[in-house]
Amino acid sequence: MAIEFLLNKQNPDGGWPYLHGGSWTEPTVYAALALLAAGETAQSKRGIAWILRTRRSDGGWASRPGVGESSWVTALAALIPEECLGQAAHAGAIGWLLPVQGEDTTAVYRLRQWLLGSSSSIDRNISGWPWTRGAAAWVGPTSMAVVALEGEHRRRPSARVLERAQAGRNFLMAHTCREGGWNHGSTDAWGYDAPPYPETTGMALLAMNRVRSPKMESALSMGRKFLTETRSADAQNWLRLGLAVQGELPQGYAAPQGIVYRTVPEVALSHISALGGLA
Amino acid sequence: MTRRELILGAGAVALAGCTSRKATAPRPQMVSIVRAPAYDQRIYDTVRRMLADHRLDVRGRSVVLKPNLVEFEPGSSINTHPMLVHAAYEAFRAMGAASVRIAEGPGHRRNTLDLADAAGYFHTIPEFENVFTDLNVDDVSQVHLARQLSRLGKLYLPNTVLGADLLVSMPKMKTHHWVGATLSMKNLFGVVPGGLYGWPKNVLHWAGIDESIVDLHSVFPRQFALVDGIVGMEGNGPIQGTPKTAGVLVAGSDPAAVDATCCRIMRIDPAKVGYLRLAAEGGAQIAEAGIRQTGERIASVATPFALIPFFRNYRIDGPMG
Numbered sequence: 001m002a003i004e005f006l007l008n009k010q011n012p013d014g015g016w017p018y019l020h021g022g023s024w025t026e027p028t029v030y031a032a033l034a035l036l037a038a039g040e041t042a043q044s045k046r047g048i049a050w051i052l053r054t055r056r057s058d059g060g061w062a063s064r065p066g067v068g069e070s071s072w073v074t075a076l077a078a079l080i081p082e083e084c085l086g087q088a089a090h091a092g093a094i095g096w097l098l099p100v101q102g103e104d105t106t107a108v109y110r111l112r113q114w115l116l117g118s119s120s121s122i123d124r125n126i127s128g129w130p131w132t133r134g135a136a137a138w139v140g141p142t143s144m145a146v147v148a149l150e151g152e153h154r155r156r157p158s159a160r161v162l163e164r165a166q167a168g169r170n171f172l173m174a175h176t177c178r179e180g181g182w183n184h185g186s187t188d189a190w191g192y193d194a195p196p197y198p199e200t201t202g203m204a205l206l207a208m209n210r211v212r213s214p215k216m217e218s219a220l221s222m223g224r225k226f227l228t229e230t231r232s233a234d235a236q237n238w239l240r241l242g243l244a245v246q247g248e249l250p251q252g253y254a255a256p257q258g259i260v261y262r263t264v265p266e267v268a269l270s271h272i273s274a275l276g277g278l279a
Numbered sequence: 001m002t003r004r005e006l007i008l009g010a011g012a013v014a015l016a017g018c019t020s021r022k023a024t025a026p027r028p029q030m031v032s033i034v035r036a037p038a039y040d041q042r043i044y045d046t047v048r049r050m051l052a053d054h055r056l057d058v059r060g061r062s063v064v065l066k067p068n069l070v071e072f073e074p075g076s077s078i079n080t081h082p083m084l085v086h087a088a089y090e091a092f093r094a095m096g097a098a099s100v101r102i103a104e105g106p107g108h109r110r111n112t113l114d115l116a117d118a119a120g121y122f123h124t125i126p127e128f129e130n131v132f133t134d135l136n137v138d139d140v141s142q143v144h145l146a147r148q149l150s151r152l153g154k155l156y157l158p159n160t161v162l163g164a165d166l167l168v169s170m171p172k173m174k175t176h177h178w179v180g181a182t183l184s185m186k187n188l189f190g191v192v193p194g195g196l197y198g199w200p201k202n203v204l205h206w207a208g209i210d211e212s213i214v215d216l217h218s219v220f221p222r223q224f225a226l227v228d229g230i231v232g233m234e235g236n237g238p239i240q241g242t243p244k245t246a247g248v249l250v251a252g253s254d255p256a257a258v259d260a261t262c263c264r265i266m267r268i269d270p271a272k273v274g275y276l277r278l279a280a281e282g283g284a285q286i287a288e289a290g291i292r293q294t295g296e297r298i299a300s301v302a303t304p305f306a307l308i309p310f311f312r313n314y315r316i317d318g319p320m321g
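Just so you know, the sequences run in chain order L and U. Following our numbering, the numbering of the first sequence begins with 1 at its first residue and continues without gaps. Following our numbering, the numbering of the second sequence begins with 1 at its first residue and continues without gaps.
Hints listed in this document are in silico derivations from the structure and should not be mistaken for laboratory results. Don't be surprised by glycine CBs; every beta carbon is placed ideally from N, CA and C. Among the hints, erroneous ones may be present.
Said to hold, decoys possible - Label pairs and their computed distance ranges (CB to CB):
(1) U/R59 - L/A254: 49 to 55 Å
(2) L/T228 - U/A287: 49 to 55 Å
(3) U/P243 - L/P99: 52 to 58 Å
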């Protein structure tokens with residue numbers, strides 16, 4: 001059913017929309033990966049060909065063609081197996097990701113905040129990724145960049161890649177909510193605690209693969225709680241992926257009845273999570 | 001001239017009679033305040049009468065309703081109530097609009113349709129999915145900002161709102177922990193596509209929140225504002241505040257004037273709200289003397305919305321009448 005949905009939603013140009021309309025990078029990556037896992041190689045290859053056609057000269061990808069700026073979706077492109085994407089395109093994606101960081105984690109910004117007394121730390125080992133360059137780092141894009149870099153390090157061990165992935169994990173660890181789990185990034189505003197969200201908690205658990213600490217125990221506890229409560233397809237997908245890499249997904253877990261999978265990412269990630277994950 | 005510029009130009013001429021784009025010199029803007037004590041069937045008639053009072057001519061035009069959908073909490077006062085949105089949808093259809101769509105791009109949660117479902121939109125609005133566009137993942141076009149106060153530079157916006165003859169901003173009347181109050185102008189953050197800019201749409205914050213609000217407002221010369229103040233939110237809004245009953249709907253063709261009136265109802269000084277001050281500097285009318293108020297008097301419906309400490313100096317001092 002999921003595969004049929006994805007096949008029907010593929011645009012003539014080979015890419016996928018989120019729901020209707022033109023092709024975007026994010027749904028195309030997830031759909032191509034899901035079809036690849038399902039053995040639907042012809043359609044998957046058409047999707048990957050679309051991804052290769054839309055690669056930008058700086059090695060990254062924009063959220064969709066025609067938008068003149070590479071963004072966080074470059075991390076998603078890097079999740080496509082190197083043998084499918086090609087060595088040069090894959091290396092270009094990793095090369096694009098490595099120096100990118102949120103404006104709020106740059107040395108200049110931190111130093112300024114420290115001088116203003118707004119921050120007690122100028123720790124360079126905490127550094128996340130933004131959705132788009134020129135903005136702050138957030139949990140979602142940081143999680144996907146860490147997952148991509150970790151995959152790269154497994155293939156080709158590199159101190160630089162490992163260091164950057166670790167800086168991203170440090171960012172995630174520094175941004176856990178007081179009650180456990182993750183909001184989009186902020187842990188509070190004006191002294192009010194920010195609540196954790198199921199989707200971002202699932203994504204961050206995926207990136208914090210095998211990390212253990214009291215904060216992680218609290219995050220895992222929140223993830224398990226969210227898994228039983230949420231009726232959102234997106235949240236179910238990310239929690240399943242995150243808890244699975246942590247070895248915390250109940251054996252034979254199946255998403256509750258009544259969850260509606262509407263968009264291409266929701267359907268594709270559901271299929272991927274059922275098959276064991278992105279990495 | 002691009003196709004979009006042609007459409008905008010033609011639309012502006014065609015709708016000149018039903019909108020109130022500001023000239024350099026402010027002129028009195030009509031803002032109506034109507035009591036609406038509850039979310040019940042009376043809303044349908046109330047909204048029809050409000051729109052009729054404003055003499056909007058939308059015959060043969062495309063109308064996009066932009067509510068404020070933020071969080072999954074059906075019982076809360078975070079989201080614009082679906083019954084109000086349905087009432088506006090039915091009213092604009094009855095007024096002869098060629099098409100009426102509901103469109104929103106939530107800034108916090110990615111699963112827009114789940115969010116709309118939890119907020120009661122599927123239940124309240126027949127065939128909701130067929131009349132709704134998720135602006136976060138709609139097809140986009142690059143726009144040039146008519147004003148450039150922020151550091152936004154180029155901006156991509158969804159074709160659904162860019163192609164509308166009339167954009168109807170339908171916010172919830174809420175306090176906001178970054179800008180003081182979130183109303184019809186701030187509600188336009190929801191047209192910025194998360195698919196390009198992420199969740200939250202942090203690029204708007206880094207470019208200057210108040211400035212981005214005004215810049216974004218300038219992209220849409222044909223707007224109408226209808227504010228859900230039946231139950232709003234006070235305190236640590238726009239998400240973690242507490243429900244606040246104001247029992248009003250506020251409407252008008254000039255969002256800045258509507259927002260200024262809402263602020264006065266909330267007992268917030270609009271001149272202290274950064275984006276309203278910037279809008280006024282650009283010619284928008286926010287002074288009470290320059291707004292032609294119809295329906296209820298502000299004093300008769302004003303009720304102080306609690307403010308977090310940072311914004312306490314935004315409070316209008318003195319008696320309410």
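Does the structure break any of the earlier hints, and which numbers would those be?
Number 3 - this is the single hint that the structure violates.
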